[in-house]
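Undergrad: Sequence:
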Amino acid sequence: MFTSQMESLATTTLADIDGNLLFDLSPLPLTVLTPACCIARVSDRFLHDWQVSRDQCVGRQLVNFLETYLHPAGSAAVVNLTSTIDDAILTKHASSWRARVLPIFKGAELIAMVLEWQEAPAAPGEGEIVRPGLSTDEAFRILVQAVKDYAIFLLDTKGRIATWNTGAELLKGYRREEIVGKHFSVFYGQDDLAIRKPELELEICLREGRVEDEGWRYKKDGSRFWANVIITAVYKDGVHVGFGKVTRDLTERKTAESRLIAAYEESEKLKSAFLANMSHEIRTPMHGMLSACTLLLDTELSTTQQDIVQVMDESGQVLLQVINDILDYSKLASGSFSITSDIIGITSIISSVVRSAQTTTRSGVHFELFLDPDLPKSVQGDPLRYRQILQNLVSNAAKFTEKGTIRVRASVEFENEESYSILTEVIDTGIGVPEPAAAGLFTPFTQFDATTTKRYKGTGLGLSIAKTLAELMGGKIGYQPNPERHGSIFWFSLRFNKIKNVEQIQDWKQVPGSRDGTASPELQAELAKVASTKSLLLAEDNKINQMVMLRILRSIGFKNFALAANGSEALNLVRAKPAAFDLVLMDINMPILDGYEATTKIRESGIRVPVVAMTAYALKGDKERCLENGMDDYIPKPVDIPYLIKILFKWLVNAKDYRMSAGEELSRLHNIRTQLQPTLETLKLPLPIPTSPPSQIFQLPRHQFTPRLYHLCYLQKYRRHPRWSRRRLYKPQQTQTRT
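Read in order, the letters of the sequence shown correspond to residues 1 to 739 in the UniProt record's numbering.
Just so you know, these hints were derived from the structure itself, not from any lab. Only a predicted model underlies this, so the values are computations on that prediction, with no experimental measurement involved. Do not rely on the hints blindly, as some may be mistaken.
To be verified - The calculated DSBU-like cross-link candidates involving lysine-lysine, where the alpha carbons are at most 30 Å apart (straight line), are: (1) 399 to 534; (2) 269 to 219; (3) 148 to 106; (4) 399 to 476; (5) 254 to 148.
As the list claims (entries may be wrong) - Simulated restraints on C-beta separations: (6) 100 to 207: 40 to 48 Å; (7) 59 to 118: 19 to 27 Å; (8) 554 to 375: 37 to 45 Å; (9) 241 to 38: 22 to 30 Å; (10) 543 to 476: 23 to 31 Å; (11) 241 to 628: 58 to 66 Å; (12) 163 to 194: 24 to 32 Å; (13) 302 to 572: 23 to 31 Å; (14) 440 to 298: 41 to 49 Å; (15) 476 to 163: 24 to 32 Å; (16) 415 to 235: 21 to 29 Å; (17) 560 to 277: 47 to 55 Å; (18) 197 to 417: 39 to 47 Å; (19) 319 to 277: 16 to 24 Å.
Every residue, glycine too, gets a C-beta built ideally from N, C-alpha and C.
Start from the sequences and build out the full structure, keeping to the hints where you can.
TA: What follows is the structure in structure tokens.
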């Protein structure tokens, strides 16, 4: 039949062609449906491929017709066929078909639907419906569009927005027609735009293929959110066609992080405050007890009494060391430990530590000291921490050596133009370290075993602290058995910078005792010569500490004192007689007015008297805070008498020029005036001739005076001048001429 129709068509003219005939003879399997999904017409090719007659399908509902060819479970799915673009049907002849629906409208009225059938390449089990759904590209497009947690953009090669998904619309607050075609920099703040951040991100993306960033981005209403942004370069056939941009709102995470950081910082503050308070509360009575023991030992006592006081003093020193270890470990564990840079006399510190250890070791133990002749006399580093590491190792050796030798050896490992690497070793003939315990030597709270814990007291923190300090100073520390005999070798290697400023070395050498951090007998003798001529003010609220400190000062040779029970009393005494005191020993934690406030007000009064903090606050930052508040030096409690002597010598003997005479001040001020004259004339500011010492302007100690500081102080004064707001020192404003 199909062949005969084609032959008759060959003899038909164009005018005789019937539309129905064309539809019937279409090479495609076609089905025409009414709006009610009733089959109105089918092509001959459909009848041929489906192996049915017109009577079997025309006039029937599509669902009823297909029901014959479908598994009963799949019949209901065909109801939605007219609303889909593609669908696949499996006939009972083991062939799969995909139908494409083409709606036909007359105006806005649906008048028919044409189904174009295509045979699917694969056939699953008989009687099933196969729904491959969308094409890959279309499915991906719908998937991207459906994502709401991520804002997904497609940018052109210039960074203009070509399209975006629903997530972007929800996040940014713009409608599609409002944003398409605009540059993506519309989402950035002024700070980012000022540094060309959007453009730089695209440049990096082109260079590296991808760029990721986190920062504040802005919505249409002006509100901001914390965004994670990933931009990827998009290529097609090797040609750059644009950028893919994915943005995620991380504001909640950022807020949570901020809360965690704030909570952490608050906990650190509370912990630091707790440590500071505990340090103060423990050190204050320790200061009174240990100082009283020291004074008592200098009195006439019987042998039995001397032994008892000696035991008290030694026990107190051990307790103080335990407290220091715990506080040091807490600071190291929290990362709040700082390393300073100062002049170190390596040989002097080693000699001092050995001398100190010799007084506390057993009678059967003797020390040997070997110093490399090539050791530098002075280097740049942290003298306190170097001493602390060495003292920990020497104390450890003395603790575990009942008889024999403790040898301390220092040598230069290598040297270059900038630095030295110095190896320090402590070699003992003590009990040694059992091999199983060697691996945990530098672990906090670790001791060999229960028996040694009972026999050799301690916290188990000394070696751990020494290791952390060595690493903070950029060095190494270790242990090895003594190969010569029974015992141990503990060593540490540190790198120190060379000193290139000769003046630093000269200044360091001028203070006796500065090379080893203690007061030498010569220094004490020098201080004693002037002590009786000096007047001191002791600001201390604790009655016991007042009594102890007065006895200590009298034992050094001082006779003239004034006492203040709080900062307010100290301030009033200094203000009443500014020249009466040569030095103030200022406690920090006092009622009414603490030491910080009292010192600040003394400086504001223009009184330049040395103020030395003497406090039980001995944690990181306490010394710096004292200096920032105008104090000149710092002595931690419990007060170490040799160290006290050294500080007093520094400010009462060595710093003879601390107080400038009026003549000296005026002479220097005239010199500064000469230096400032060109600048001030350029600014057309008055240049007064000083007639009195500028104590109210310059509140710095004499030893800190420099021409630069005078310069700044004068400029600070002139900032109040009316012209100052319109001019700058480095770029005077040009005078404009009116026409």
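Undergrad: Determine for every hint whether it applies to the structure shown.
TA: Status of the hints after comparison with the structure:
| no. | hint | in the structure |
| --- | --- | --- |
| 1 | 399 to 534 | 43 Å, violated |
| 2 | 269 to 219 | 37 Å, violated |
| 3 | 148 to 106 | 38 Å, violated |
| 4 | 399 to 476 | 23 Å, holds |
| 5 | 254 to 148 | 20 Å, holds |
| 6 | 100 to 207: 40 to 48 Å | 46 Å, holds |
| 7 | 59 to 118: 19 to 27 Å | 25 Å, holds |
| 8 | 554 to 375: 37 to 45 Å | 41 Å, holds |
| 9 | 241 to 38: 22 to 30 Å | 48 Å, violated |
| 10 | 543 to 476: 23 to 31 Å | 49 Å, violated |
| 11 | 241 to 628: 58 to 66 Å | 60 Å, holds |
| 12 | 163 to 194: 24 to 32 Å | 29 Å, holds |
| 13 | 302 to 572: 23 to 31 Å | 46 Å, violated |
| 14 | 440 to 298: 41 to 49 Å | 43 Å, holds |
| 15 | 476 to 163: 24 to 32 Å | 59 Å, violated |
| 16 | 415 to 235: 21 to 29 Å | 56 Å, violated |
| 17 | 560 to 277: 47 to 55 Å | 34 Å, violated |
| 18 | 197 to 417: 39 to 47 Å | 42 Å, holds |
| 19 | 319 to 277: 16 to 24 Å | 18 Å, holds |
The structure is inconsistent with the numbered hints 1, 2, 3, 9, 10, 13, 15, 16, 17, although it conforms to all the rest.
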